[in-house]
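A.B. asks: One letter stands for each residue in the lines below.
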Amino acid sequence: MPENFARFRRSHEFWLLSVILILVVGLSVMTEGFLTLQNLFDLLTSYAFLGILASGLLVVLISGGIDISFTATASIAQYITMLLANKYGLNWFIVFAIASVVGIALGAINAVLIDRLNISSIIVSIATLNIFYGLLVFITGGKYIYSLPPWFSHGIYWFEYVDADEISYGINLQILALAVMFTLTWLILNRTNIGRQIYALGGNREAAQRLGFNVFRLNILVYCYMGLTAGVASLIQAQLAQSVAPTVLVGKELDVLAAVVLGGASLAGGVGTVFGTILGLTLLAVMQNGLILLGVSSYYSQFFVGLVILLSVSATALSARRKRKGVMTE
Amino acid sequence: MSNAPHPPRGPDAALMSLIGSLTGDVTNRRLAILLVALVAVFGLIIGEGFFTKATVQSMAFQLPELGILSLAMMITLISGGLNLSIISTANLCALAMAYIMTKMLPGTEGFAFVGWQIVAIAVGLLIASIIGLVNGFIIAYLGVSPILTTLGTMTMVKGIGIGMTRGNVISGLPDSIVFLGNGTVVGIPTAMLVFAVVAIPMAIALGRTPFGAATYMIGSNEKATQFSGIDTKRVILRIYVISSLLAAVAGLVMMARFNSANASYAESYLLVTILAAVLGGVDPMGGFGKIAGVILSLVILQVISSAFNLLNFSQFLTLAIWGAILVGVTAVPNIRKRLGLID
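Those protein sequences? They're chains A and B, same order as listed.
Read in order, the letters of the first sequence correspond to residues 1 to 330 in the numbering used here.
Read in order, the letters of the second sequence correspond to residues 1 to 343 in the numbering used here.
Be a bit skeptical, because a hint or two may be false.
Per label pair, the in silico range of CB-to-CB distance [unchecked claim]:
#, chain 1, residue 1, chain 2, residue 2, range
1, B, Arg338, A, Arg217, 14 to 20 Å
2, B, Ser171, A, Gln242, 32 to 38 Å
3, A, Ile167, B, Pro106, 54 to 60 Å
4, A, Asn193, B, Leu311, 48 to 54 Å
5, A, Arg321, B, Val26, 36 to 42 Å
Footprint (simulated), chain A over chain B, 3 or more residues, beta carbon under 8 Å [claimed, not checked]:
#, stretch
6, 113 to 127
7, 147 to 158
8, 162 to 172
9, 245 to 258
10, 278 to 292
11, 311 to 319
The calculated EDC-like cross-link candidates involving lysine to aspartate or glutamate, where the alpha carbons are at most 16 Å apart (straight line), are [claimed, not checked]:
#, chain 1, residue 1, chain 2, residue 2
12, B, Lys233, B, Glu222
13, A, Lys252, B, Asp283
14, B, Lys103, B, Asp175
15, B, Lys337, A, Asp255
For the record, the hints were derived by calculation from the structure and aren't laboratory data.
Beta carbons are placed, not taken as given, at the ideal position from N, Cα and C, and that holds for glycine.
Okay, chain A solo, but in the shape it has when bound (with noise of 0.2 Å):
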C-alpha cells in the first residue's frame, strides 16, 4: 500500500486531485453556495455535456489520434433524431438509437478516410467538421427545433428526493448518461483486451502492426466510439436546452480537448485514463463555478480559466522534468 501511494504520489492525479481539493475546500470555506448538494447536483447536470464528450476524446486521444469534428457529428446526431421524434414519436431507447447509429456513421466516415487514405486524424477532422457543420446549416438553413415532444422535454428523474426547503433532487437524464458513458469507456480501456490494443496503438503504432493488431479495425472502434459518445451527449444537451440549434454546439471542441489533456492524457497517444480526465473536467467546472460563487464578474471568468490551464500544465511539465532528472542522478 504505501508503495502504490508513493507512486500515486507522483503521478499526474495526484496533482490535480490537490489542487481540486485545495479549491473545494477554499470556495467552501469562502462561499456558502459552494458545498451543498443542489450546487453539485447543478454541476453534474450542466457539465454532463462536455464530459460525454470528453470521455470520447480520451478514447481517441490514447490511440494516438485527434478528432475535433465532434461537435459537428453531434449536431447532426441531435437534429435527426429530433426531427424524426418530433414526425413519429418514437421512445427513448429509440432516440438514442437513431442519435448513437448517426453518430457511429459519422465517426466511421473519419476513420475511414484517416485509415485507408492514410491522411492524418487533424487534417480529416479538421476537413469533416467543416463538411458536417456546413452541410448541415446549409441543408437545414440553420432553423431551430424549439418544439420536442413533451416526454423529452419533462425528462427522467429517478429516486427524486425532497429537502426541507422543498428542493428536489434526483438522478436526471444527464447525470445518468455520463455516469454511464464514463463506466463504459473505463470498462473498455481497463477491463478489454481491445481497451489494452488501444493504449498499444497510441504507445507504438508500428510495434503494434506488426504485432498483429488489426489497425483498421481499432481505427474503426475508436471513431465510432467517440461518434457514439457525441450522439448521447448531443441528446441530453438538447434536453437540458430544451431546443435544438444546428450553430451551438461547434466551436466547443476545444473545450473538451482542454479537460481531457488537463486530465493528463497526452496528444502523442497511449496515455491517460478516465480517473484523469474526471479531474481535468471536474477542475475546470469547479473553478468556473467557483469563480462565479466568488463573485467575480463573468467577463473575467475566460481569463482565470485560460490562467488555471497555464499554471497547471506548467507545474505539471515542471514536476516531470524534476522527476526525470531524479531518475538521472539516483
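Please arrange chain B on chain A, whose structure you already have, making use of the hints.
C.D. replies: Just chain B, lined up with the frame of chain A:
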C-alpha cells in the same frame, strides 16, 4: 505527373526527396492545376461577371485577413507546433489599438494625430510580443505541448479582452486606419499591400536565413537539431513571437476593415487557418511547407468563396466545400500510391 522520372536510387534518394518536398513543387503544381480548373469552371457557370474588376478586387479585399492569420499559424506548424491563440491575440491587440486611437487622438491631422496612431500600433505589437514570449517560453523552456499552451493563452487572452471591454465593441476609428482596410492604392487594396509586406519578408526569412532553416529542422526532428548545435529553445521562442506579431498585424487589418474591434471577432477562422496552411502543403506534423503554397491555397479558398457568393450559395456550403477540397488534395498522393501509380 504520373510519368515523371523516378528519383535516383541510393544514398542520394533521401536527399533528393527531401529537396523535392522542401521546394513543394508537386504540391504547388497540383494546387495550380486545381486553381485553373476552378477558375475555368466558375468562369463557365458565372460568365463574365466572374472576371470583372469588382469581383477580383473584392477577392483581394477579403483575402488578407485570413491570409495573414494563416501565415501566423503556418510558421508554428512548420516547426512542429501549433498556435491556437492567434485569433484572440489579433483581437486583443486590435482592442488595445482601437482604444488608444479612439480615446487619445487629438483632431484629425497634425503631428500628434499621426504620433498617437504610431503609438497605438506599437502598443499592439508590444502586447503581441508579450503573448508570443509567454507561449514560446512555456513551450520551449518548460516543454509543455504547443496545443495545450496556446489553448491556455487563447482562453486567457480572450478573457482579458472580454474583461476589459465587457464584451463590447470599440468602433469609430480614424480615416487613415479605415483606409488601411477599405482603401486602394492604384487599384490594389491597401490590405493586400499589407499582406505582401508581411508575406515577402517571411518567405525570405523561412527560405533564405539560418533561422528559417532551423525552423524546418526543428519541425522534422527537434532533438537532432538541438544536437547539431542549434539553440532550438531560442528559435522556438522567436517562432512564437513572430506568430504573435503576425496575428497583431492581422488584428490591425481586421480592425481597419470592420472599423471596429471586439474580443470575439473572427473566431471561426481559427481552424480555417490550419485548413488553409495544410491545403497549401504545410505538414501539420512539422518540417515542410512554403509560403507560395499557402498563398495558392488562400487564393483557391477565396475563389470558391467569392464564386459561391456570386452564385448566391450559402456560406456554409463554402465551408463544406473547403473541407472536401482539403481531404481531396491531401488524399491524392495516397490514392495514387494505392493505385500503384508511384512506387
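A.B. asks: Tell me the numbers of any earlier hints that the structure contravenes, in ascending order.
C.D. replies: 6, 9, 13, 15
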